[in-house]
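A.B. asks: Letter by letter, the chains look like this.
Protein chains: 2
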Amino acid sequence: EDHLQLEYKGAKLKLNYVWLRDHCRTGDSINHLTQQRMVDSALIDPNIQPVNVAIDEGTLSITWPDGHQSEYDLEWLLSNTYEGKQHLQGTLEPLLWNLETLSASPSPSVSYQDYLTDDGQLSKLLHNLLKYGFAFVEEAPVTVEATLAVAERISQIRETFFGRFWCFTSDLERHDTAYTAEALGAHTDTTYLNEPAGVQVFHKMEHVGEGGDTLLVDGFHAAERLRQEDPEGFAILSSVSVPHHYLEPTIHTTGVGPVLELEPGPCKELKLIRYNMHDRACLDTVPMEDVSRWYSALRNLTRYIRDPASEYWVTLQPGRILLTYNWRVLHGRSAFTGRRRVAGCYLPRDDVISRARVLKVI
Amino acid sequence: EDHLQLEYKGAKLKLNYVWLRDHCRTGDSINHLTQQRMVDSALIDPNIQPVNVAIDEGTLSITWPDGHQSEYDLEWLLSNTYEGKQHLQGTLEPLLWNLETLSASPSPSVSYQDYLTDDGQLSKLLHNLLKYGFAFVEEAPVTVEATLAVAERISQIRETFFGRFWCFTSDLERHDTAYTAEALGAHTDTTYLNEPAGVQVFHKMEHVGEGGDTLLVDGFHAAERLRQEDPEGFAILSSVSVPHHYLEPTIHTTGVGPVLELEPGPCKELKLIRYNMHDRACLDTVPMEDVSRWYSALRNLTRYIRDPASEYWVTLQPGRILLTYNWRVLHGRSAFTGRRRVAGCYLPRDDVISRARVLKVI
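Going down the list, the protein sequences come from chains V and W. Counting from 1, position 85 in the first sequence corresponds to residue 85 in full-length UniProt numbering; the numbering is continuous, with no gaps. Counting from 1, position 223 in the second sequence corresponds to residue 223 in full-length UniProt numbering; the numbering is continuous, with no gaps.
Treat the hints loosely; a few may be bogus.
When the alpha-carbon atoms are kept at most 20 Å apart in a straight line, the in silico SDA-like pairs for lysine to any residue are as follows [what the hints assert, rightly or not]:
no.: 1; chain 1: V; residue 1: 12; chain 2: W; residue 2: 288
no.: 2; chain 1: V; residue 1: 271; chain 2: W; residue 2: 243
no.: 3; chain 1: W; residue 1: 85; chain 2: V; residue 2: 285
no.: 4; chain 1: W; residue 1: 14; chain 2: V; residue 2: 284
no.: 5; chain 1: W; residue 1: 271; chain 2: V; residue 2: 245
no.: 6; chain 1: V; residue 1: 268; chain 2: W; residue 2: 14
no.: 7; chain 1: W; residue 1: 12; chain 2: V; residue 2: 245
no.: 8; chain 1: V; residue 1: 85; chain 2: W; residue 2: 271
no.: 9; chain 1: V; residue 1: 271; chain 2: W; residue 2: 290
no.: 10; chain 1: V; residue 1: 14; chain 2: W; residue 2: 293
No wet-lab data here; the hints were simulated from the structure. Given the structure is predicted, the values throughout are model-derived calculations rather than measurements.
Sequences and hints are given; from them, build the entire structure.
C.D. replies: Structure (structure tokens):
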């Protein structure tokens with residue numbers, strides 16, 4: 001016997017004794033300010049057995065051979081074990097959308113002044129961003145400073161080799177596709193980094209000309225269609241890591257990961273989509289005998305992404321700042337004429353999620 | 001037949017036709033400045049067959065049904081296919097070390113002035129960093145500016161919620177273990193971020209007191225011992241993602257990934273070690289029936305990490321700046337008395353590797 005069995009709220013928990021000793025919540029086993037572990041996991045006796053076990057009023061109490069007393073709230077056990085988690089619902093479920101879903105929902109937006117001064121409006125923005133995968137801040141001053149203020153209200157900026165802040169024009173300063181006037185199909189950004197940027201902030205500061213509308217597609221909606229309709233394709237896209245790259249004379253980065261990356265653990269939720277036809281590098285991570293199945297899965301996923309029913313087109317007026325959750329929502333644009341200037345920056349996903357947690361949005 | 005077979009330099013390549021069309025190196029299939037793909041992978045006919053194939057002077061030439069001509073250098077095919085890569089050696093092999101190995105090798109260091117002005121010395125620093133997992137810059141001014149100059153010579157800084165630059169003292173400004181005067185066992189940093197920091201820059205600016213030496217341990221050396229001596233343990237630590245977290249009243253980040261993360265592809269090289277007993281959060285990503293094997297593997301890995309033969313202790317004098325490759329080399333410190341101030345920052349792994357590629361260090 002290396003575990004104790006417990007049933008709580010329908011979950012059957014088999015609690016391994018080493019795990020229990022390692023996760024003791026009491027005494028000097030944990031720093032209660034930081035939740036940092038003070039137990040040395042490697043020094044726990046692999047054959048440890050409790051000398052006493054009691055359950056009383058929602059608390060599991062254990063006495064260990066050295067006299068140490070541990071206590072565990074049963075609710076806490078439910079939230080923090082592989083088996084227990086399967087019985088929980090997240091506090092904020094993403095709303096996977098297509099054009100029809102969005103037509104029935106109000107546009108997720110907050111106004112600039114309220115957003116900057118009112119934590120409730122910041123929470124609403126983060127809620128929108130995590131529920132829909134995108135959100136708007138309206139009525140912002142058409143300045144770089146205001147765009148930065150919107151970004152830094154959430155977290156520090158994620159600086160890349162583009163700098164802290166970028167400005168796309170059609171002036172072809174760089175050779176990357178983003179800096180042309182061509183149409184860009186729906187894609188995610190920075191697939192050429194090991195961890196793609198979490199949130200992208202876009203502000204169209206100026207456009208004198210035609211076209212240049214912004215396309216949004218919910219990558220998780222497309223991926224869930226694939227999971228339903230081509231489970232084998234979903235399995236290969238979520239298990240095989242593929243490389244992406246960015247090359248300039250002074251830059252050569254690579255990012256390698258699955259097109260559909262899943263959360264670890266029992267629920268297999270989507271964590272991240274990497275979808276960028278241009279930046280995908282040589283497919284050298286798949287044995288040639290599996291290559292054909294991989295391309296077949298990519299074709300199916302692409303069909304769902306390019307389905308006109310998936311496409312949400314918006315016109316970004318100066319003053320309307322768009323934030324996309326780049327781990328989920330793809331963006332693109334129609335071709336344009338004239339001078340068009342879009343400024344923006346990236347935010348690190350960890351810190352955006354941290355902010356949402358601290359504000360109890362999730 | 002969906003592929004053509006080719007033998008080159010001992011590698012048997014089975015080249016799938018869709019893969020070949022997708023990886024065409026000629027004409028308008030690729031942007032030669034950025035190596036961005038101009039082919040739409042999803043639109044390639046799944047049953048595509050060449051109308052002509054020829055191999056001449058190290059080049060494979062294919063004519064496709066629509067008349068498009070593709071050419072592939074055979075060397076390029078060797079470097080960019082799953083099967084071909086297995087026959088290649090990296091240009092810079094990491095030297096996995098223990099104390100004995102290091103005693104036989106010169107200490108990897110460059111001098112501050114040369115490093116700042118001479119690209120050859122920058123290359124040497126990057127070579128040291130990627131070969132040993134750590135490197136020194138000597139004779140630096142004992143200032144924040146000089147420390148930043150050493151960092152920014154390589155790439156932009158990776159800002160975290162600690163800021164762009166941090167300074168540890170024993171003044172207990174924060175509650176995290178790093179900010180105490182206690183001994184810290186060998187660990188990697190920022191396991192509580194989805195992507196841990198790539199490189200850590202340390203500069204001990206001041207110490208009036210005893211102790212406070214710096215410990216370095218090659219995590220990949222320990223991991224390779226585990227791969228040899230406990231293959232099942234290596235398999236579980238490299239396949240199971242485990243969560244880590246950081247908590248303060250205004251911060252709550254999590255990072256989830258395997259203790260031993262491997263490169264995708266055929267060679268199963270180590271990519272990244274996450275090893276932090278304090279910051280590891282609740283192990284809720286492993287079914288309870290596998291938990292016991294996971295802890296057993298962690299114990300074995302820990303034994304190799306804490307083996308005194310693995311430990312390289314250094315005294316950091318002010319002016320001697322240490323860079324560690326945090327994806328590989330663990331650091332720790334002995335307890336100390338008195339006032340001790342260590343300043344430093346993180347660099348993003350992608351950009352460090354990019355710099356090394358551009359300088360042809362790797």
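A.B. asks: Next, verify each hint and record whether it holds.
C.D. replies: Against the structure, the hints:
With a C-alpha separation of about 11 Å, the suggested pair residue 12 of chain V and residue 288 of chain W falls inside the 20 Å cut-off, and the hint holds. Simply put, residue 271 of chain V and residue 243 of chain W have alpha-carbon atoms about 14 Å apart, close enough for the 20 Å limit, and the pair holds. Between residue 85 of chain W and residue 285 of chain V the alpha-carbon distance is near 9 Å, which keeps this suggested pair within the 20 Å criterion. Of the pairs offered as hints, the one joining residue 14 of chain W and residue 284 of chain V holds, with about 12 Å between alpha carbons and a cut-off of 20 Å not exceeded.
A C-alpha spacing of about 17 Å is found between residue 271 of chain W and residue 245 of chain V, which places the hinted pair at or below 20 Å, so the restraint holds. Restraint check for residue 268 of chain V and residue 14 of chain W: the C-alpha separation of about 33 Å exceeds 20 Å, so the hint is violated. Simply put, residue 12 of chain W and residue 245 of chain V have alpha-carbon atoms about 26 Å apart, too far for the 20 Å limit, and the pair is violated. Between residue 85 of chain V and residue 271 of chain W, the direct Cα distance comes to roughly 29 Å. Violation of the 20 Å bound is thereby established for this hinted pair.
The straight-line distance between the Cα atoms of residue 271 of chain V and residue 290 of chain W is roughly 23 Å, outside the 20 Å bound, and the hint therefore fails. Using a Cα cut-off of 20 Å, the hinted pair residue 14 of chain V and residue 293 of chain W holds, with the two alpha carbons roughly 15 Å apart.
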